[in-house]
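*Asks:* On the provided structure of chain A, position chains B, C, D, E and F as indicated by the hints.
Number of protein chains: 6
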Amino acid sequence: MRGLLVGRFQPFHRGHLEIVRKIRGERPDDPLILAIGSEQESYTWENPFTASERFDMIRQAAEEANLARIEIVPVPDIHQHALWVRYLEELLPPFDRIYTNNPLTESLFRAASYDVVNPTLFDRTHLEGAKVRAALAVDREWEKLVPPAVVKILVKLEAVGRLRLLAPGLGHPVGSEA
Amino acid sequence: MRGLLVGRFQPFHRGHLEIVRKIRGERPDDPLILAIGSEQESYTWENPFTASERFDMIRQAAEEANLARIEIVPVPDIHQHALWVRYLEELLPPFDRIYTNNPLTESLFRAASYDVVNPTLFDRTHLEGAKVRAALAVDREWEKLVPPAVVKILVKLEAVGRLRLLAPGLGHPVGSEA
Amino acid sequence: MRGLLVGRFQPFHRGHLEIVRKIRGERPDDPLILAIGSEQESYTWENPFTASERFDMIRQAAEEANLARIEIVPVPDIHQHALWVRYLEELLPPFDRIYTNNPLTESLFRAASYDVVNPTLFDRTHLEGAKVRAALAVDREWEKLVPPAVVKILVKLEAVGRLRLLAPGLGHPVGSEA
Amino acid sequence: MRGLLVGRFQPFHRGHLEIVRKIRGERPDDPLILAIGSEQESYTWENPFTASERFDMIRQAAEEANLARIEIVPVPDIHQHALWVRYLEELLPPFDRIYTNNPLTESLFRAASYDVVNPTLFDRTHLEGAKVRAALAVDREWEKLVPPAVVKILVKLEAVGRLRLLAPGLGHPVGSEA
Amino acid sequence: MRGLLVGRFQPFHRGHLEIVRKIRGERPDDPLILAIGSEQESYTWENPFTASERFDMIRQAAEEANLARIEIVPVPDIHQHALWVRYLEELLPPFDRIYTNNPLTESLFRAASYDVVNPTLFDRTHLEGAKVRAALAVDREWEKLVPPAVVKILVKLEAVGRLRLLAPGLGHPVGSEA
Amino acid sequence: MRGLLVGRFQPFHRGHLEIVRKIRGERPDDPLILAIGSEQESYTWENPFTASERFDMIRQAAEEANLARIEIVPVPDIHQHALWVRYLEELLPPFDRIYTNNPLTESLFRAASYDVVNPTLFDRTHLEGAKVRAALAVDREWEKLVPPAVVKILVKLEAVGRLRLLAPGLGHPVGSEA
Numbered sequence: 001m002r003g004l005l006v007g008r009f010q011p012f013h014r015g016h017l018e019i020v021r022k023i024r025g026e027r028p029d030d031p032l033i034l035a036i037g038s039e040q041e042s043y044t045w046e047n048p049f050t051a052s053e054r055f056d057m058i059r060q061a062a063e064e065a066n067l068a069r070i071e072i073v074p075v076p077d078i079h080q081h082a083l084w085v086r087y088l089e090e091l092l093p094p095f096d097r098i099y100t101n102n103p104l105t106e107s108l109f110r111a112a113s114y115d116v117v118n119p120t121l122f123d124r125t126h127l128e129g130a131k132v133r134a135a136l137a138v139d140r141e142w143e144k145l146v147p148p149a150v151v152k153i154l155v156k157l158e159a160v161g162r163l164r165l166l167a168p169g170l171g172h173p174v175g176s177e178a
Numbered sequence: 001m002r003g004l005l006v007g008r009f010q011p012f013h014r015g016h017l018e019i020v021r022k023i024r025g026e027r028p029d030d031p032l033i034l035a036i037g038s039e040q041e042s043y044t045w046e047n048p049f050t051a052s053e054r055f056d057m058i059r060q061a062a063e064e065a066n067l068a069r070i071e072i073v074p075v076p077d078i079h080q081h082a083l084w085v086r087y088l089e090e091l092l093p094p095f096d097r098i099y100t101n102n103p104l105t106e107s108l109f110r111a112a113s114y115d116v117v118n119p120t121l122f123d124r125t126h127l128e129g130a131k132v133r134a135a136l137a138v139d140r141e142w143e144k145l146v147p148p149a150v151v152k153i154l155v156k157l158e159a160v161g162r163l164r165l166l167a168p169g170l171g172h173p174v175g176s177e178a
Numbered sequence: 001m002r003g004l005l006v007g008r009f010q011p012f013h014r015g016h017l018e019i020v021r022k023i024r025g026e027r028p029d030d031p032l033i034l035a036i037g038s039e040q041e042s043y044t045w046e047n048p049f050t051a052s053e054r055f056d057m058i059r060q061a062a063e064e065a066n067l068a069r070i071e072i073v074p075v076p077d078i079h080q081h082a083l084w085v086r087y088l089e090e091l092l093p094p095f096d097r098i099y100t101n102n103p104l105t106e107s108l109f110r111a112a113s114y115d116v117v118n119p120t121l122f123d124r125t126h127l128e129g130a131k132v133r134a135a136l137a138v139d140r141e142w143e144k145l146v147p148p149a150v151v152k153i154l155v156k157l158e159a160v161g162r163l164r165l166l167a168p169g170l171g172h173p174v175g176s177e178a
Numbered sequence: 001m002r003g004l005l006v007g008r009f010q011p012f013h014r015g016h017l018e019i020v021r022k023i024r025g026e027r028p029d030d031p032l033i034l035a036i037g038s039e040q041e042s043y044t045w046e047n048p049f050t051a052s053e054r055f056d057m058i059r060q061a062a063e064e065a066n067l068a069r070i071e072i073v074p075v076p077d078i079h080q081h082a083l084w085v086r087y088l089e090e091l092l093p094p095f096d097r098i099y100t101n102n103p104l105t106e107s108l109f110r111a112a113s114y115d116v117v118n119p120t121l122f123d124r125t126h127l128e129g130a131k132v133r134a135a136l137a138v139d140r141e142w143e144k145l146v147p148p149a150v151v152k153i154l155v156k157l158e159a160v161g162r163l164r165l166l167a168p169g170l171g172h173p174v175g176s177e178a
Numbered sequence: 001m002r003g004l005l006v007g008r009f010q011p012f013h014r015g016h017l018e019i020v021r022k023i024r025g026e027r028p029d030d031p032l033i034l035a036i037g038s039e040q041e042s043y044t045w046e047n048p049f050t051a052s053e054r055f056d057m058i059r060q061a062a063e064e065a066n067l068a069r070i071e072i073v074p075v076p077d078i079h080q081h082a083l084w085v086r087y088l089e090e091l092l093p094p095f096d097r098i099y100t101n102n103p104l105t106e107s108l109f110r111a112a113s114y115d116v117v118n119p120t121l122f123d124r125t126h127l128e129g130a131k132v133r134a135a136l137a138v139d140r141e142w143e144k145l146v147p148p149a150v151v152k153i154l155v156k157l158e159a160v161g162r163l164r165l166l167a168p169g170l171g172h173p174v175g176s177e178a
Numbered sequence: 001m002r003g004l005l006v007g008r009f010q011p012f013h014r015g016h017l018e019i020v021r022k023i024r025g026e027r028p029d030d031p032l033i034l035a036i037g038s039e040q041e042s043y044t045w046e047n048p049f050t051a052s053e054r055f056d057m058i059r060q061a062a063e064e065a066n067l068a069r070i071e072i073v074p075v076p077d078i079h080q081h082a083l084w085v086r087y088l089e090e091l092l093p094p095f096d097r098i099y100t101n102n103p104l105t106e107s108l109f110r111a112a113s114y115d116v117v118n119p120t121l122f123d124r125t126h127l128e129g130a131k132v133r134a135a136l137a138v139d140r141e142w143e144k145l146v147p148p149a150v151v152k153i154l155v156k157l158e159a160v161g162r163l164r165l166l167a168p169g170l171g172h173p174v175g176s177e178a
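The listed protein sequences derive, respectively, from chains A, B, C, D, E and F. In terms of my numbering, the first sequence is residues 1 to 178. In terms of my numbering, the second sequence is residues 1 to 178. In terms of my numbering, the third sequence is residues 1 to 178. In terms of my numbering, the fourth sequence is residues 1 to 178. In terms of my numbering, the fifth sequence is residues 1 to 178. In terms of my numbering, the sixth sequence is residues 1 to 178.
Source of the hints: derived by calculation from the structure; they are not laboratory data. We put the CB at the ideal spot given by N, CA and C, even for glycine. Errors might be hidden in some of the hints.
[To be verified] Incomplete in silico selection of chain A near chain F, CB under 10 Å: (1) 56; (2) 72; (3) 79; (4) 103; (5) 138; (6) 139.
[Unchecked claim] Computed cross-link-like contacts, SDA-like style, restricted to lysine to any residue with a CA-CA straight-line distance of at most 20 Å: (7) 22/A x 148/A; (8) 152/E x 22/D; (9) 156/C x 107/D; (10) 22/C x 1/C; (11) 131/B x 151/B; (12) 144/A x 121/A; (13) 152/C x 151/B; (14) 156/F x 112/C; (15) 22/D x 64/D; (16) 152/A x 94/F; (17) 156/B x 112/A; (18) 156/B x 111/A; (19) 156/A x 111/E; (20) 156/C x 151/B; (21) 22/F x 122/F.
Next comes chain A alone, as it looks inside the complex:
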């Protein structure tokens, strides 16, 4: 059966990669699903990249790291927590174990009889989505925080310029002109 790791991956950074590498190493025969949460969000400070861009980052980084048997699936927010586990069961290929450090996610999946594992996080001082985005917005040493394949994609997307526009206090929501 497959394992499931949910994240927003804004962007996919080295902390994410290490978690994936570790899970794949421990269970080499089981495919791993990476669900890209908040699929519909993009061009905001919290969610700068489209699902398409995040999908590409994950796949390129996984191939670069020789990580096989990774399924990547964008998942929209449904805003009804009580339906969330059931919704994922209907959308994703079958899975029986979920990797999460979010206590609520853990409790919802435990209530539905899933096996829940808390993955070890790597270097949270630097490897956290918000910190990577902040480093991008000021164009300072962000290249060390993401896998080389993701560096390439971020350069091609001119991510530094996009994050600068979206940074709080500077950026403005689209369509909200006063």
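*Replies:* This is chains B, C, D, E and F only, laid out in the frame that chain A set:
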């Protein structure tokens, strides 16, 4: 005709019960509709309980208090205030009086020619949704704040554990893993 | 625990009433939930009456027939069958038995471990929603097909005129002017 | 105050233009709102043109015919007839008269105390949306059925080719590959 | 071709009018589209007025100022920034230039090859939506901030009373009773 | 770059497999995206299987056939054809070629400058979704129509029983009880 009381009832506490008891006492022949607002919300700090759980709390508490002729109807948010009165007219059984202390609700219903009554609130020092939720999250003397029938339901739902997971600063929205 | 009967009740006719009467008679201690399906639909040939109007019909007919412990809950269509059982669990007060003659509904609830009962239908020659609506559209002997309390409501709503406008071949969807 | 004419205008043909011309002539001081229904639909046989394209057809035809004081507003379907009048009141600039030949639309607006007028239709043998679309699909004498300004737009849009792809029995819904 | 100016116009004030006047003066032959953003919002502090009311303010002010060739189109929020430009292309009549001072809007339209112009803002000390709303809520010298035609509409709508109800710290979201 | 093949895959049959095998053979270096259309649909005659079940069929069949570099992505219907290409660009990993035999899909993608290829269909006498579903509903020789890996999944899902319930004239939409 029926009266209408809108609330989120997260959870249904003794303040709510006293309002209902008073309305029923004053107009024993008129049924009273309790509309459960934000029906689709659950497993968040502001809205920890599902519509199903809130429905059950209200019905059990009403039966325990011998309050008859109570209709309970879950109502989704529609996020278009200008349509709200019309939407309730289409969804709920006919009513001609609304009980509310919210000045905007009052003004929307007055504009639609409804009779509006401001119910007296009971002991707002303790009997307010946010305070009941905070008491639950730290498991401190919450049993006095809700009717006995609701105590039973909250125990069965392991509400203390759920509120602790959802408490601000501790809880995390489902699916928002960084 | 409660039983659950789902229907559209367009309108609530004597066949519905007999089913409800029989269920209440067999299990006098268990409340019965009547879920009003396709809540958002109205002013079409298949769904001429609003949820509000259908709620009122059911309640008045139940009181007239001295049927107590009936919960009435409007339910929107969600168009995702795989989520349907879970959605009802989140919305309705707790139930453990479902009354249905729809084989698919039966199979979805059986898969979720519910007790399923097939209620006996009464006089399907005349007591079927489509036939009652057709009788209304031509204003012919429809009064015998619905409970007296529903007759009163249909008269007040000028249902004959509404059904005539909506009848296939005559009526036209709102907003679909060519 | 303004008058209101609702249509889908797929496409805007000479029958529509004559109705507009007549209304403007009878009430030269009152602006007229043309609401483009089913705004979100396009690239189907029933609704081949986008709201943008239909807006452009109406405006160009109105200017060509020297018809002033025409407001054009795209309107999405809301699929809740009981809310429709209220929704239009919230969306459109204020109006007090509606032009329609649809009996249900008429009855909904009369119930909300609007003045309703049935406009005379022009040459329904040829001037009906479905017939104009059929003429386009086979590229036969459609130019006589629409105002000259609309001919220009339909040519620019290569409407003949689009309608041929969408024609029933030939076209296929996007995304529905078996 | 047409120009496009997006705003929420809550309310339409003299700063908006000056921008429109300047654009019309510079390009007298090109119509200008005013897209009313967040169409579905109303009766909140950020968005007190319905699309209908805002449409009326803009049209009356434009006529008072003898500004012709203005198209006014309400636009709903779609909450998917990556689709926003494409959505406007489908909804609005054709345009080829956008007026905006929002850097993100600018970058999305530039990426889609549109001509982008930054309009000069007028007297931002007073002429900003939030300041006009604050002046209304305390009923102090707001008449100088909006065109005379808008004063009339705001008086008729009893806007001072509405804004006072909605003011932060005083107002309460509809349906959010605790 | 990647190719894109859109389908509903209800179920994934040998005709689908042959198309995929041919595309992979012609362009062994380019990954292929299989987009599962109408993701949200299930338990209907046209769409009996959930996205989860279809995902599993495709992956198992691809592995059985030694087909690598296949991305599988469920895609919801958006019901706005004019936004469809843009929506797929936002959701799916980057692609530059689309395989389709649907003329409208072809025209929408050509208009957006994509490379479009018409794949050869295999044995349409038997290998068509509707025919495979009909064979399942009567449990007759359907095993020859799908890859062995899909046979196993269909047996496990008790697909024959499900299809029999859903067959037209027998099945009934969930929640549509009269």
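*Asks:* Does each hint fit the structure? Answer for all of them.
*Replies:* Going through the hints against the structure:
1. 56: It holds, given that the least Cβ distance between residue 56/A and chain F is near 5 Å, below 10 Å.
2. 72: 7 Å, holds
3. 79: 15 Å, violated
4. 103: This hint is violated: residue 103/A lies away from chain F, its Cβ roughly 26 Å from the closest one there, beyond 10 Å.
5. 138: Interface hint status for residue 138/A: violated (27 Å vs cutoff 10 Å).
6. 139: 24 Å, violated
7. 22/A x 148/A: 19 Å, holds
8. 152/E x 22/D: 32 Å, violated
9. 156/C x 107/D: Satisfied, since the Cα-Cα distance of roughly 16 Å is no more than 20 Å.
10. 22/C x 1/C: Roughly 17 Å between the alpha carbons, so the hint for residue 22/C and residue 1/C holds.
11. 131/B x 151/B: This hinted pair holds, its Cα atoms lying about 16 Å apart.
12. 144/A x 121/A: OK: residue 144/A and residue 121/A at ~17 Å, within 20 Å.
13. 152/C x 151/B: It is violated: about 42 Å lies between the C-alpha atoms, which goes past 20 Å.
14. 156/F x 112/C: 17 Å, holds
15. 22/D x 64/D: 15 Å, holds
16. 152/A x 94/F: At roughly 15 Å apart (the allowed maximum being 20 Å), residue 94/F and residue 152/A satisfy the hint.
17. 156/B x 112/A: Given that 20 Å is the threshold and the Cα spacing comes to 17 Å, the pair holds.
18. 156/B x 111/A: Measuring from Cα to Cα gives roughly 14 Å; hence the hint holds.
19. 156/A x 111/E: 14 Å, holds
20. 156/C x 151/B: 44 Å, violated
21. 22/F x 122/F: 11 Å, holds
Violation of the numbered hints given earlier is confined to hints 3, 4, 5, 6, 8, 13 and 20; the remaining hints are satisfied by the structure.
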